[in-house]
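Q: Produce the complete structure using the sequences and hints provided.
Each protein sequence line maps, in turn, to chains G and A. So in the UniProt record's numbering, spot 87 of the first sequence is number 87, and the numbers just go up one at a time. So in the UniProt record's numbering, spot 46 of the second sequence is number 46, and the numbers just go up one at a time.
If you're looking for bench data, these hints aren't it; they were derived computationally from the structure. Treat each hint with caution, since some may be false.
As a list, the in silico DSSO-like pairs of lysine-lysine whose alpha-carbon atoms are at most 27 Å apart [claimed, not checked]: (1) G/K405 / A/K159; (2) G/K487 / G/K234; (3) G/K403 / A/K202; (4) G/K335 / G/K291; (5) A/K159 / G/K401; (6) G/K405 / A/K36; (7) A/K202 / G/K401; (8) G/K385 / A/K159; (9) G/K403 / A/K188.
One side only, chain G facing chain A, incomplete, derived with CB under 7 Å [stated by the list, open to error]: (10) D43; (11) E306; (12) L307; (13) S310; (14) P366; (15) A378; (16) Q380; (17) G381; (18) T389; (19) I392.
Here the structure is a predicted model, which is why all the values come from computation and not from measurement. Each residue gets a CB set at the ideal place from its N, CA and C atoms; glycine is no exception.
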Amino acid sequence: MNTVKKVLAVVLAAALLCLTLTACAQGASNDPKDTLIFAQGADPRGLDPALVDDGESSKVIVNIYEGLIKYAKDSTKLEPCLAESWTVSDDGLTYTFKLRQGVKFQDGTDFNADAVKFNIERQMKGNATEDMPYADFVYGYVTKVEAKDANTVVITLKDKCTPFLYNLAMSMAAPMVSPEALKKNNNNVNEAPVGTGPYKFVRWDKEQSIVLTRNDNYWGEKAKTKNVIFRIIKDNSARVVALNNGEVDMIDGIDATVVDEITKAGNTVDQPDGMNINYMAYNTQSSICGKPEVRKALSQAINVPELVKSLYQGYATPADTILPSFVPGFSKDIKQVAYDEAASKAALAQAGVTTVHVITYSNPRPYNPATGKALAEAVQGYLSKVGVTCNIEVFDWTTYKQKVKAGDFDICFYGWTGDNGDPDNFMSLLSDKDPSMNVSRYDNAAYLDLIAKGKAAAEGADRDAIYAQLEQNQVDNSVWLPISHSKLLSAYRPVVQGYYYHVTGNIFLSGMSKTK
Amino acid sequence: MQNELDAVVNEQASEVVLEKPESQLKEMWFSLIANKGAVAGLVIILLLTLVAVFGRFIMPYDPNYSDMTISFQSPSAAHWFGTDQLGRDIFSRIIDGTHISLTVGISAVALSLTIGTILGAIAGYRGGKIDTVIMRIMDMMLAIPSILLAIAFMAALGKGIDKAVIAIGLVCIPEYARIVRGCILSVKENDYVQAARVVGNKDFRIVFKHILPNVLSSIVVRATLGISSAVLDTAALGFLGLGVQPPFAEWGDMLGRARGFIFSAPYTLIFPGIAITITVLAFNLLGDGLRDALDPKSRKI
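A: This is the structure:
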């Protein structure tokens, strides 16, 4: 009996060993140089660009699909992609796109004007289904799409809307999906994505990984690395460990607390400014902050660069403008109200301001990882030095949004993460009729006029100048105190060449390679 | 007549249940100070009370003054416990927090003790339907995790020290109600209680004059231990961001916001943690000591 057991044990051990060896051998036969591994914190919701709205989906989508227009590598300036060129009629209502010729979807379907028409009509009013979160945002203005010839598409809008071009570069709703694939999959390619991009879909093991491989028929420069794996590692610290072990090549979804750990292991942390703004808003309808001179004096009391440096420990850039520096329309000539404690104290004493009612949120936000509470307390500290007491009320995010909408406050804290890289997407916040968007309840005739002009003006320097004027208008009236642009943190191993994390929070892997 | 009879009953009660009160107290005191842990706990509590009352005179800095240029300073001669994210002196904030922790701890226990004792006394003495109704409500409260219940109360009441006292106080009521009810059930059939009833005492008088003094020791022990759990609950609420409104210093709140800097600035986390631990430990030691001292069975002869 005993010998039987022993023999069994030996056989089992040998079998196990063989299994391990073959597994290793299989691993070894694939050159690690040929596979880029990117680890993210959650499974994509899906891979059909019309049906998702989350960043985790977006990162995979941009490697499989392309839109008519794309963003430049380091900004949100527009560049041609599947459309080689476009013209806008003088009345600003008709957009004519000349499409790139000879492009095929990964399933062999031709990319042409009919495919574009199919994709847009799928998401237009009437056809768009409930589960298309960005359909209205991107195509809400479109009234008609015509395929003039195989390579010309004419889109008609109901109103002037220059941001429409920026919408077409987004990773949601705008990327072109193979019409054949959509027909075959019942109008939902969440799990069978087919685009024109540099990588094509191979396999998706839910909650584990997504495997892509090079599209050898790609129209442009072919991807440098043959395979791409998106690994799902939920736990933040486990993801950092995986990177430091060399198990994965790139990660995102990290915060400032792990930066040291990553750099100590010899890896690099990438930290461009994100497409966001973290700001303090004055309620222009409150009895205290209704006066521009009071708002200015309160702003003067706060040393923003010092505050940002200490609160965000270098992982945010002090904001002088509402627009991040890479968004068209950004002007480096705009400067915020300068820090001047003495002037502030005098002005506030003269205006008789002794207490202000401040509301804030208790949780971290993407544009404010330090939490609204810490930010409010920092402001409280500065204002106490100029003789103003802040009564701070802290709420959880859901309650906070209701409180902001209700408007019973002098100062509140808020932020914005851009959708499409268009300046209007940021600047129109202060013109919105909805107080949950325009939390300052700012209502300025000159500002509203400029916003309307900006929406209608054609792409270019003239339009950019309008947004500089809008920024100046905001500074002159001290409606907000822009605080910071939070950085996007991601990290990669030194073997990765050509790494870049786009300001929209996407990662384009086709230009990256590994040295070993 | 009533008073005379009372005196007789009391005397009888003392003879039955207790020895002479003074000698019992004395004996208890000796037993307590013979317990090193209890003495240590008592000394720490006295020190904490002094700090809570006179803390403002020994604070090196204004606990709410923030200087953003010196955020996250490691402990040094200028800032013994370092500075936090907003450049506030952690040592001063911990001293300031003593006041809040002790106030909330003691007031919450006082609240739950009062209400719990009354409810428990009524339930235990009256029995019957009243007992069932009261105790089933208490059971329901006990069935919900206390911190969850406290969070629910805080959500309904809003933030602030007074609200924290109410939330934590309400949550602890069932414990006291059950203890008091149990004790009353065990003494109410005693002869001296019957005698008090026979001579025509009102129920109220019987409960407060004759019964409660005899269950006092269990309540005192429970209350002392209760303070330590109230301090812990306060810290838990603070940790979850439901405690005091900023900028007031509260240990749990300090701990909660320091959590994100555990690797980069561990001192922001360690010191409030130590403060909570020491306070809770002191009340636990004293509570244990009191229990031993008040329990005749465990007393050394």
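Q: All hints, please: hold or fail.
A: Status of the hints after comparison with the structure:
no. : hint            : result
1   : G/K405 / A/K159 : holds (21 Å)
2   : G/K487 / G/K234 : holds (21 Å)
3   : G/K403 / A/K202 : violated (54 Å)
4   : G/K335 / G/K291 : holds (21 Å)
5   : A/K159 / G/K401 : holds (18 Å)
6   : G/K405 / A/K36  : violated (59 Å)
7   : A/K202 / G/K401 : violated (57 Å)
8   : G/K385 / A/K159 : holds (26 Å)
9   : G/K403 / A/K188 : violated (54 Å)
10  : D43             : violated (26 Å)
11  : E306            : holds (5 Å)
12  : L307            : holds (5 Å)
13  : S310            : holds (4 Å)
14  : P366            : violated (15 Å)
15  : A378            : holds (5 Å)
16  : Q380            : holds (6 Å)
17  : G381            : holds (3 Å)
18  : T389            : violated (10 Å)
19  : I392            : holds (5 Å)
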